[in-house]
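Colleague: These are the residues of each chain, in order.
Protein chains: 2
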Amino acid sequence: MATFGDIGVAAGINILSAVVFLVAFAFLRLQPINDRVYFPKWYLMGLRGSPTHSGVYVSKFVNLDCRSYLRFLNWVPDALRMPEPELIGHAGLDSAVYLRIYLLGIKIFVPVALLAWAILVPVNWTNNTLAISEALDKLEYSDIDKLSISNIPYGSKRFWTHIVMAYTFTFWTCYTLRKEYAAVAAMRLQFLASERRRPDQFTVLVRNVPPDLDESVSESVEHFFLVNHPKHYLTHQVVINANKLAKLIKEKKSKQNWLDYYQLKYSRNQSRRPTAKTGFFGLWGEKVDAIDHQTSEIQRLSKAIDEERERVKTDPKCIMPAAFVSFKSRWGAAVCAQTQQSRNPTTWLTEWASEPRDIYWKNLAIPYVSLTVRRLLGIEKKAPFLKRVIELHFIKSFIQGFLPGIILKIFLLVLPSILMMMSKFEGFLSISSLERRSALRYYIFNFVNVFLVSVIAGTAFQQLNSFLHQSANEIPKTIGVAIPMKATFFITYIMIDGWAGVAGEILRLKPLIFFHLRNFFLVKTEKDREEAMDPGSIGFDTGEPRIQLYFLLGLVYAAVTPVLLPFILVFFVLAYVVFRHQIINVYNQQYESAAAFWPDVHGRIISALIFSQLILMGLLSTKGAAQSTPILIVLPVLTISFQRYCKARYEPAFVFYPLQEAMMRDTLERAREPNLNLKAYLQNAYVHPVFKNDEGDDDDFDDKYNEKLEEGVLVPTKRQSRRNTPAPSKTSSTSSQDCP
Amino acid sequence: MATFGDIGVAAGINILSAVVFLVAFAFLRLQPINDRVYFPKWYLMGLRGSPTHSGVYVSKFVNLDCRSYLRFLNWVPDALRMPEPELIGHAGLDSAVYLRIYLLGIKIFVPVALLAWAILVPVNWTNNTLAISEALDKLEYSDIDKLSISNIPYGSKRFWTHIVMAYTFTFWTCYTLRKEYAAVAAMRLQFLASERRRPDQFTVLVRNVPPDLDESVSESVEHFFLVNHPKHYLTHQVVINANKLAKLIKEKKSKQNWLDYYQLKYSRNQSRRPTAKTGFFGLWGEKVDAIDHQTSEIQRLSKAIDEERERVKTDPKCIMPAAFVSFKSRWGAAVCAQTQQSRNPTTWLTEWASEPRDIYWKNLAIPYVSLTVRRLLGIEKKAPFLKRVIELHFIKSFIQGFLPGIILKIFLLVLPSILMMMSKFEGFLSISSLERRSALRYYIFNFVNVFLVSVIAGTAFQQLNSFLHQSANEIPKTIGVAIPMKATFFITYIMIDGWAGVAGEILRLKPLIFFHLRNFFLVKTEKDREEAMDPGSIGFDTGEPRIQLYFLLGLVYAAVTPVLLPFILVFFVLAYVVFRHQIINVYNQQYESAAAFWPDVHGRIISALIFSQLILMGLLSTKGAAQSTPILIVLPVLTISFQRYCKARYEPAFVFYPLQEAMMRDTLERAREPNLNLKAYLQNAYVHPVFKNDEGDDDDFDDKYNEKLEEGVLVPTKRQSRRNTPAPSKTSSTSSQDCP
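Taken in sequence, the protein lines are chains H and P.
Using my numbering, the first residue of the first sequence is number 13, and each one after it goes up by one.
Using my numbering, the first residue of the second sequence is number 13, and each one after it goes up by one.
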């Protein structure tokens, strides 16, 4: 049983490590040599270039300006300064809304924490149940427990306070959630309306085109849409299975990297040509001249690529029965995406096309039938998923007993990749949906393996088997009883994972090391240096489930052990500042789903809320307050009704594109640009990226994206002056001006 | 414990009463005076008129042709002779598909019964568990039980037979269900495609039109659709709250009936003018001259109706924020019905309009907001519904103890009306959806109150309370153990409800009596006589749940006590013949939903199947075959996957109208009738029926329907010769030719 002193020591250690991380970051970010690690977003947007001004050579690598060290905490107000609309323009709506999850945590838990400390803590504290039971049974207890519900005597009338508080917390949470859902839905519609023209606004993905003996897929698609959407059909692009080609190109790129490495090595030390072994990972096999070997390999691959490119274009086996169909108007596309086309509901399936850069091309080549099977397998996997995770826990405790914790740590590190692979196997078509799916899985894993297992293992692990076989209404009781006892454990967890962990995030230790390694071994040109940057992204698939764990802890402990709440609040505030800084300066989001993830976020908070209500019910029923059960059962019912209401009221904004909006934008556009050549604009929008690079360099695709960004209203980029002047952003670039 | 002898006696009694009913029917239907009771459908279609040929006066009432009595069972082949396509033309798709439910029962249970008798019965019979336990414990057992699973010893290897059979039955049921779903979906699409032009193909119901300060609802609707569906919008009809007016008209009609009655009475006995009391139901109050009183009442109501009609047309309070919007093409309507219109998903809600005659006008006047509240109340009602029904069972057993069964019988009689009222309260907009909703409720009631309560009450009623509090996985065991013991009870139930009850249905005792009463007291003109007919309809809300109970019994007992199966088969065959006869000759379906109910039917059979699998699992786990549980758990998982597959594959045909179909029909129509004035056709299609009767008589609406029928291809009606010649139907009117 931890006392305030123990908690204090743990807090001290964790605060110290958090401060160390933050100071290290503050120091490292001021060094020009690390500029590309800590401000890659600005480089990618073309608003910042490599330092070129003359001066002391060393100042290219080390910051010699002492004054700047005095202002080392400046990044905090800088991160908070950029207003939300500019943030949306700068980093996209996904990122801006992602930050609102942290804000939502602050909004929910500030009043909850205040109320709990003002009312529940005194009510809990002014009892002496624990003191008595210590005297009688020699049960030890901690000061933390004195603040929790455990200190209320059996059958006390004081439990009414907790019930009233549970109601208050539920209403406040729902109220905040509703407001937030409404705000995000409005932001999404606003964003979609104000956005520049994008190919996906006009395009629908059609799948399962039925085979036709007389017509090719392309002809079949064209005829079908000319007949059934005669006034709206514009053009289409058949989906091609170019997975092998993409693989070859990737391989060639890797060989090219090795060639660059060897050439650089040779240029630095011309005395001896580098050699390499041809076998597995260069560990054994014949020893050859590395540069010659890689050059010949590249030639071989170039030839294979050319052949494969020809084959893909002509071989009918590579043509999938799917196509991106573009329409003359947003209205036409909205109609096609939302309606059923054919009397056989498994053919001519239409859905909105994702943004070209959001598409996960590899899965497009999966035939629809096998996709259904894959999904079904996915479903069947889901049922025993929980069980497997629990079994896995047995293995875990076994491993913990015999092997060092490092293996568990490695497992936890690779887990997101495993989950992502599972989602990829299920055949989702866009990166955004892949990440959303993985997030759900990771959330379940977190819930079971971090939350449940921690709660039960610490108190009644030996009863796990009986727990699995006991009656359903016993489970909330078992968990409920265990919850207050685990408060100190979770406080420590929050400090390690939520405080020190978040502070570590801003340090970017891994990208820092990798950047300097690459910079030393591979970088020859400015372009190479740009590629060596690894800005990363929000990582919705792991980031969001992590936040959700804190929502869960906060809601579960709010009425039980309010001591936990301030720790959670510190996490939300710290994480908000850190991730706002990262989103502004570092992350480069791969796609823009216009906050399509919000229904998931909302739903998970709701499920955490319902879980917390059930647990409280179970706990109180063991505390001689069984008469409270009928009053508490109302809460989940109300919460579920609330969720149904929200789903009906706000979710359509995330699923459909209202015709009214589509028509409005069409009309506006027609008035503004009467001579727009939409067909030319859409013709090649959905060509597989491997064909896009046919003529130009690999930058082609990025450039296109940049052009589009450039046209944007909110982001004042200056592409002409790229790499020359570090252009000032409107408000937030004070920190970036400090450096060169 | 019933023996074969007991069952034989019960069977004898029930077969006897069934035969009595059938003979009585065969006799009564041949009397010309009952012609309108047993063949109303033909009268309503205008294919049969009152007997007008000269001859002996008495032959107008009594059939004197002895030969026709010899062929009294002729109605059976007659009922079976009409081919399905003609049946669809004659009675609509709903009726034809409704009959397929019985056919489905036959298709499922014939092979199941054969297999069970060939394999399971010998396996069960060749044990002596029951004989031994009789010798040891003096437990009585019946011969029926010797054929059931109870006769297999504890832990026997023979249970594998039952497991294999459970798999076989599941696969066979699913196979048949899938085939049937596919067939019905195809029939529905075929029907929708071959149907003549109907207003609902072009019309969408728009609800929750947002209030506008500057525009009336009508203007607002027109502008919105002119802007957002510019190429497709044609016209619209605002929904008017005319409930008060409809009530007044109904009241006037009732007074008119009384007036007719008194006039007829006076004309028969001119010696004394009839009098009546003005009070409650004519039981007390001032005594007045009945004819004068009713005449003045009618005059008062006529005036009130005229005033109300004016008020409704002008008062803005009577105009609901809803409208029927018609489009220029089916394509336009299909698009509008399937898409979201506005960014606020709670305004401008669109859905397909039902057929005009299917619309439940009264609920159209409910504002959408209050509708949501009503639905929510409906949902909250659903949760404690089961509990209430169980409580109701306590009341029931209480009543049974003290009051005669007649009160329970009355309760069961009024139950469908109560359920229908609940559905009406929930605000469904069409009669078909009201009936579907009531059917669901009635099914749940049947399941709990007839099935579960019978099973548990007979064996462990005193344990009901503990049953409610026991762990979830104990429930299948408790029910499973009780199931074999109740086989004889259900056999008797099937014979009473399923054999005698169905045979009673064909006799139409209630309509027979009512028709003659009305005929005597009210009928003056041919039109009155037509109104005095009460053809009734299928009654989906009570009929379908009743069939479902037999599916449930059949599936549950198939692997447990196969003796039950032949009894169920007899029910299905008998009911099929009887209802086919009734549908051809009697029922007059009020609406045509194109078999929209099939997904419900399918879903309920699936849930019965899953229930039967769980029960078998529970039963076997108490029989020392616990190792079978993992093998049996696969079955519900497979069945649920199958249900998901069916839902994805076939349900869209019942929900959406594919654009391809819509476009095809539009194109065809445009080619055939290039000068069609669609606007004139649709202008008044969705006017409230009370306004339709403004000019013409009440027949107006029916006539319109008949006109539409007349245009049909499949039904060869001859309206010109109506009321004159009893026109022969293609094949099925041999019986009707016998009579005049």
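I should point out that these hints are in silico values taken from the structure, not numbers from a laboratory.
Model, not experiment: these values are computed from the prediction.
Heads up, a few of these hints could be off.
Intra- or inter-copy, both count: the list cannot distinguish identical chains.
[Stated by the list, open to error] Here are the simulated lysine-lysine pairs, DSS-like style, with alpha carbons at most 27 Å apart: (1) Lys-259 / Lys-158; (2) Lys-325 / Lys-659; (3) Lys-635 / Lys-158; (4) Lys-374 / Lys-191; (5) Lys-691 / Lys-243; (6) Lys-243 / Lys-340; (7) Lys-277 / Lys-489; (8) Lys-262 / Lys-659; (9) Lys-158 / Lys-277; (10) Lys-691 / Lys-265; (11) Lys-267 / Lys-522; (12) Lys-191 / Lys-299; (13) Lys-315 / Lys-522; (14) Lys-691 / Lys-539; (15) Lys-267 / Lys-243; (16) Lys-256 / Lys-691; (17) Lys-489 / Lys-264; (18) Lys-169 / Lys-262; (19) Lys-325 / Lys-436; (20) Lys-374 / Lys-635; (21) Lys-329 / Lys-635.
Colleague: Which holds for Lys-489 with Lys-264 at a C-alpha limit of 27 Å: within a copy, between copies, both or neither?
Modeller: For Lys-489 and Lys-264, the Cα distance exceeds 27 Å both inside one copy (60 Å) and across copies (64 Å).
Colleague: Under a CA distance limit of 27 Å, which applies to Lys-374 and Lys-191: within one copy, between copies, both, or neither?
Modeller: Close neither inside one copy (39 Å) nor across copies (36 Å); limit 27 Å.
Colleague: At most 27 Å between alpha carbons: which applies to Lys-635 and Lys-158, within, between, both or neither?
Modeller: Answer is within; shortest intra-copy Cα gap is 16 Å, inter-copy 52 Å.
Colleague: How would you classify Lys-325 and Lys-659 at a CA-CA limit of 27 Å: within, between, both, or neither?
Modeller: For Lys-325 and Lys-659, neither the intra-copy (45 Å) nor the inter-copy (38 Å) Cα distance is at most 27 Å.
Colleague: What label fits Lys-277 with Lys-489 when the C-alpha limit is 27 Å: within, between, both, or neither?
Modeller: neither (66 Å within a copy, 75 Å between copies)
Colleague: Measure nothing new, just compare the shortest in-copy and cross-copy C-alpha distances for Lys-374 and Lys-635 to 27 Å and report within, between, both or neither.
Modeller: For Lys-374 and Lys-635, the Cα distance exceeds 27 Å both inside one copy (56 Å) and across copies (52 Å).
Colleague: I want to check one pair: Lys-267 and Lys-522. Are their C-alpha atoms no more than 27 Å apart within a copy, between two copies, both, or neither?
Modeller: Answer is within: at 24 Å inside a copy they meet the 27 Å cutoff, but 90 Å across does not.
Colleague: Can you tell me if Lys-691 and Lys-265 fall within 27 Å by alpha carbon in one copy, between copies, both or neither?
Modeller: Result: close neither inside a copy nor across copies, 33 Å intra and 65 Å inter.
Colleague: How would you classify Lys-267 and Lys-243 at a CA-CA limit of 27 Å: within, between, both, or neither?
Modeller: neither (50 Å within a copy, 57 Å between copies)
Colleague: Cα distance capped at 27 Å. Does Lys-256 pair with Lys-691 within a copy, between copies, both, or neither?
Modeller: Classified as neither; 29 Å inside a copy, 57 Å across copies.
Colleague: Under a CA distance limit of 27 Å, which applies to Lys-691 and Lys-243: within one copy, between copies, both, or neither?
Modeller: Both: 14 Å inside a chain and 22 Å across chains, each within 27 Å.
Colleague: Under a CA distance limit of 27 Å, which applies to Lys-329 and Lys-635: within one copy, between copies, both, or neither?
Modeller: Classified as neither: same-chain Cα gap 68 Å, cross-chain 56 Å, threshold 27 Å.
In this structure, the hints that do not hold are numbers 1, 2, 4, 7, 8, 9, 10, 12, 13, 14, 15, 16, 17, 18, 20, 21, in rising order.
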